[in-house]
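Visitor: For the protein sequence lines, the chains are A and B, in the order given. Just add 396 to the spot in the first sequence (first one is 1) and you have our numbering. Just add 396 to the spot in the second sequence (first one is 1) and you have our numbering.
Each hint should be verified, as a subset may be incorrect.
[What the hints assert, rightly or not] Sample of chain B residues at the chain A side, in silico, Cβ under 10 Å:
1) Leu437
2) Gly438
3) Leu445
4) Leu451
5) Tyr452
6) Asp459
7) Leu461
8) Ala464
9) Gly467
10) Asp474
11) Lys476
12) Lys478
13) Ala479
14) Leu483
15) Pro521
16) Glu523
[Unchecked claim] Here are the simulated DSSO-like cross-link-like pairs (lysine-lysine), alpha carbons at most 30 Å apart as the crow flies:
17) B:Lys497 / A:Lys439
18) B:Lys476 / A:Lys439
19) A:Lys439 / B:Lys448
20) A:Lys427 / B:Lys528
21) B:Lys476 / A:Lys591
22) B:Lys528 / A:Lys439
23) A:Lys524 / B:Lys439
24) B:Lys476 / A:Lys448
25) A:Lys497 / B:Lys425
26) A:Lys425 / A:Lys558
27) A:Lys497 / B:Lys490
28) A:Lys528 / B:Lys427
29) A:Lys476 / B:Lys413
30) B:Lys591 / A:Lys528
31) B:Lys448 / A:Lys490
32) A:Lys509 / B:Lys476
33) A:Lys476 / B:Lys427
34) B:Lys524 / A:Lys427
35) B:Lys528 / A:Lys448
36) B:Lys448 / A:Lys528
37) A:Lys490 / B:Lys497
38) B:Lys448 / A:Lys476
39) A:Lys439 / A:Lys524
40) A:Lys448 / B:Lys524
Just so you know, the hints here were simulated from the structure itself, not pulled from any lab data. The C-beta atom is built at its ideal place from N, Cα and C for all residues, glycine as well.
Protein chains: 2
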Amino acid sequence: MRFCPYAHRAVLVAIAKNVPHDVVNVNLKTKPEWLFQLNPLGKVPTLQLNSKEVLYESLILADYLDEAYPGRQLQASDPKQKAFDRLLVENFGKVQVHFYKLVYAGANEEEVKAHIEGIRVSLAPFEKELEKRGTTYFGGNDAPGMPDYMIWPWIERLPVVKLYHPALSDYESAKKENPRLENWRQVMKEDPAVKAFYLTPEQHKRFIDTHVGGGVPDYDCLDE
Amino acid sequence: MRFCPYAHRAVLVAIAKNVPHDVVNVNLKTKPEWLFQLNPLGKVPTLQLNSKEVLYESLILADYLDEAYPGRQLQASDPKQKAFDRLLVENFGKVQVHFYKLVYAGANEEEVKAHIEGIRVSLAPFEKELEKRGTTYFGGNDAPGMPDYMIWPWIERLPVVKLYHPALSDYESAKKENPRLENWRQVMKEDPAVKAFYLTPEQHKRFIDTHVGGGVPDYDCLDE
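All chains should be built: construct the whole structure from the sequences, respecting the hints.
Guide: Here is the structure:
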């Protein structure tokens, strides 16, 4: 599913690691039977390794791709750093929750404001974390690491909030409040893996628009 | 919290790896202020590494202990096997959900039956997995590995169902239906780490009894 942030995670790692792969998009409203044969949960991302073996769960298959394939290592080598990185990704869940509620819940103005504030509060520790680490990326200075790719899909989608709620979302202040995070966002946009799968806020919004009020998602809305 | 299955995971790994540690139990209904200072979520298990560093989330800290300390390696070395093991633990979530609903929801007879059936259905893939692996433990033939320890806390608690619903829970048939799982359960009970922290079904029930109907959990109910 081209717009799924979890599938996005898997694709970012596959591209960053130069893992040869084919992406097969599925319609999540009318899931094909073959998807359930591969993965009983019928969820994306589902990674078919060969004719017999299948993996799913974005974080698990991302780590697998990183460990099983040569090239740039995305996870930290130090066990403690790796654990802190996993925790960072776990704690990013709050941003995800507020983002979904904000965009999909058809919330009233008070609720919209509360979720925008929720995103602000949940992002603050990430600014602090970049300051503490003193690095450009969460994964170091040279290139994005695993935590960068695991949280990116939602960061790429966050500007959608501004498109839906221009009067309520003070995006410019948010950028000023989080200078390191804003710099990180800019350099991430130039990363080859991020670039290869990047969609603009307008493109993300176009997809959300197809079903935000309860309509049928148009998974092919990018096709002209 | 002595009865928390997530904290149980952390302790099992610490014991299995011979990691020197102190267990400090906390009252989850009146959480001490120092817990929030260590972990903003105030959850257990929280692992204090030193005066500055803290980890939480049972699966993350279990992997950390495994990787940071010498001795028997609990995670599979092969990335693919490790990913399958993590997925196995993830899929065990269904057993956990049915167990909690069954014990805590004050369910009526129909609901109790449905959750007992839910546990039966959710456990079946684990019997199949042991058959497929052809090993005594999920982690091999010699000793429990990471997936064994990560699912054990709920397996230890499952017989509580029989104590609450003797007429509805056909535990003897379940054992016959899952001979490999039953053998695994028996050998797990002899594992030194499991043994060191083991509580009987009656002891688990004694704790649940203190709050199952909405009462205040007696976290010290094991103290005589």
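Visitor: All the hints need checking, so say for each whether the structure fits it.
Guide: For each hint, the structure was consulted:
Interface hint status for Leu437 of chain B: upheld, as the beta-carbon distance to the closest one in chain A is roughly 9 Å, under 10 Å. For Gly438 of chain B, the suggested interface contact is broken, since its CB lies about 14 Å from the closest CB of chain A, more than 10 Å. Nearest Cβ of chain A to the Cβ of Leu445 of chain B: about 7 Å, under the 10 Å cut. The hint holds. For Leu451 of chain B, the interface hint holds, the least distance from its beta-carbon to any beta-carbon of chain A being 5 Å, beneath 10 Å.
The beta carbon of Tyr452 of chain B is positioned within 10 Å of a beta carbon in chain A (closest approach about 7 Å), and the interface hint is therefore held. Interface restraint check for Asp459 of chain B: the shortest CB-CB distance to chain A comes to about 7 Å, inside 10 Å, so the restraint holds. Hint status for Leu461 of chain B relative to chain A: holds, with the closest Cβ pair at about 9 Å, below 10 Å. Given hint, Ala464 of chain B at the interface with chain A, holds; its Cβ is 4 Å from that chain's nearest Cβ, closer than 10 Å.
Given the 10 Å rule on beta carbons, the hint for Gly467 of chain B is violated: about 14 Å separates it from the nearest Cβ of chain A. With a cut of 10 Å, the hint placing Asp474 of chain B at the interface with chain A holds, because the nearest CB-to-CB distance is about 9 Å. Taking 10 Å as the C-beta contact cut-off toward chain A, the hint placing Lys476 of chain B at the interface holds, the least distance being around 6 Å. Nearest Cβ of chain A to the Cβ of Lys478 of chain B: about 7 Å, under the 10 Å cut. The hint holds.
The interface hint given for Ala479 of chain B is met, as the beta carbon of that residue sits about 4 Å from the closest beta carbon of chain A, less than 10 Å. For Leu483 of chain B, the interface hint holds, since its Cβ comes within 10 Å of a Cβ in chain A; the closest pair sits about 6 Å apart. The interface hint given for Pro521 of chain B holds, since its Cβ lies 9 Å from the closest Cβ of chain A, which is under the 10 Å cut-off. Residue-level restraint check for Glu523 of chain B is violated (minimum Cβ-Cβ distance to chain A is 16 Å; threshold 10 Å).
For the proposed pair Lys497 of chain B and Lys439 of chain A, the alpha carbon gap of about 24 Å is at most 30 Å, so the pair holds. A hinted pair counts as satisfied when its Cα atoms are at most 30 Å apart, and Lys476 of chain B with Lys439 of chain A qualifies at roughly 19 Å. For the suggested pair Lys439 of chain A and Lys448 of chain B, the alpha carbons sit about 39 Å apart, so the restraint of at most 30 Å is broken. At roughly 28 Å between alpha-carbon atoms, Lys427 of chain A and Lys528 of chain B fall within 30 Å of each other, so this suggested pair holds.
About 28 Å separates the Cα atoms of Lys476 of chain B and Lys591 of chain A, which keeps this hinted pair within 30 Å; it holds. Between Lys528 of chain B and Lys439 of chain A, the direct Cα distance comes to roughly 24 Å. Compliance with the 30 Å bound is thereby established for this hinted pair. With a C-alpha separation of about 22 Å, the suggested pair Lys524 of chain A and Lys439 of chain B falls inside the 30 Å cut-off, and the hint holds. At roughly 13 Å between alpha-carbon atoms, Lys476 of chain B and Lys448 of chain A fall within 30 Å of each other, so this suggested pair holds.
For the hint linking Lys497 of chain A to Lys425 of chain B, the alpha-carbon distance of about 29 Å falls within 30 Å, and the restraint holds. Restraint check for Lys425 of chain A and Lys558 of chain A: satisfied, since their Cα atoms lie roughly 27 Å apart, inside the 30 Å limit. Of the pairs offered as hints, the one joining Lys497 of chain A and Lys490 of chain B holds, with about 25 Å between alpha carbons and a cut-off of 30 Å not exceeded. Straight-line distance between C-alpha atoms of Lys528 of chain A and Lys427 of chain B comes to about 28 Å, which keeps the hinted pair within the 30 Å bound.
As the CA atoms of Lys476 of chain A and Lys413 of chain B are separated by approximately 16 Å, the hinted pair is consistent with the 30 Å bound. Distance restraint check for Lys591 of chain B and Lys528 of chain A: the Cα-Cα separation of roughly 41 Å exceeds the 30 Å cut-off, and the hinted pair is therefore not satisfied. Between Lys448 of chain B and Lys490 of chain A, the direct Cα distance comes to roughly 24 Å. Compliance with the 30 Å bound is thereby established for this hinted pair. For the suggested pair Lys509 of chain A and Lys476 of chain B, the alpha carbons sit about 44 Å apart, so the restraint of at most 30 Å is broken.
Under the criterion of a C-alpha separation no larger than 30 Å, the hint pairing Lys476 of chain A with Lys427 of chain B is consistent with the structure, at around 26 Å. At roughly 26 Å between alpha-carbon atoms, Lys524 of chain B and Lys427 of chain A fall within 30 Å of each other, so this suggested pair holds. Distance hint between Lys528 of chain B and Lys448 of chain A is fulfilled; the C-alpha atoms sit about 13 Å from each other, no more than 30 Å. A C-alpha spacing of about 13 Å is found between Lys448 of chain B and Lys528 of chain A, which places the hinted pair at or below 30 Å, so the restraint holds.
Proposed proximity of Lys490 of chain A and Lys497 of chain B is supported: the alpha carbons are some 25 Å apart, at most 30 Å. In summary, the hint linking Lys448 of chain B to Lys476 of chain A is supported, as the alpha carbons are separated by about 13 Å, within the 30 Å threshold. A hinted pair counts as satisfied when its Cα atoms are at most 30 Å apart, and Lys439 of chain A with Lys524 of chain A does not qualify at roughly 34 Å. Simply put, Lys448 of chain A and Lys524 of chain B have alpha-carbon atoms about 16 Å apart, close enough for the 30 Å limit, and the pair holds.
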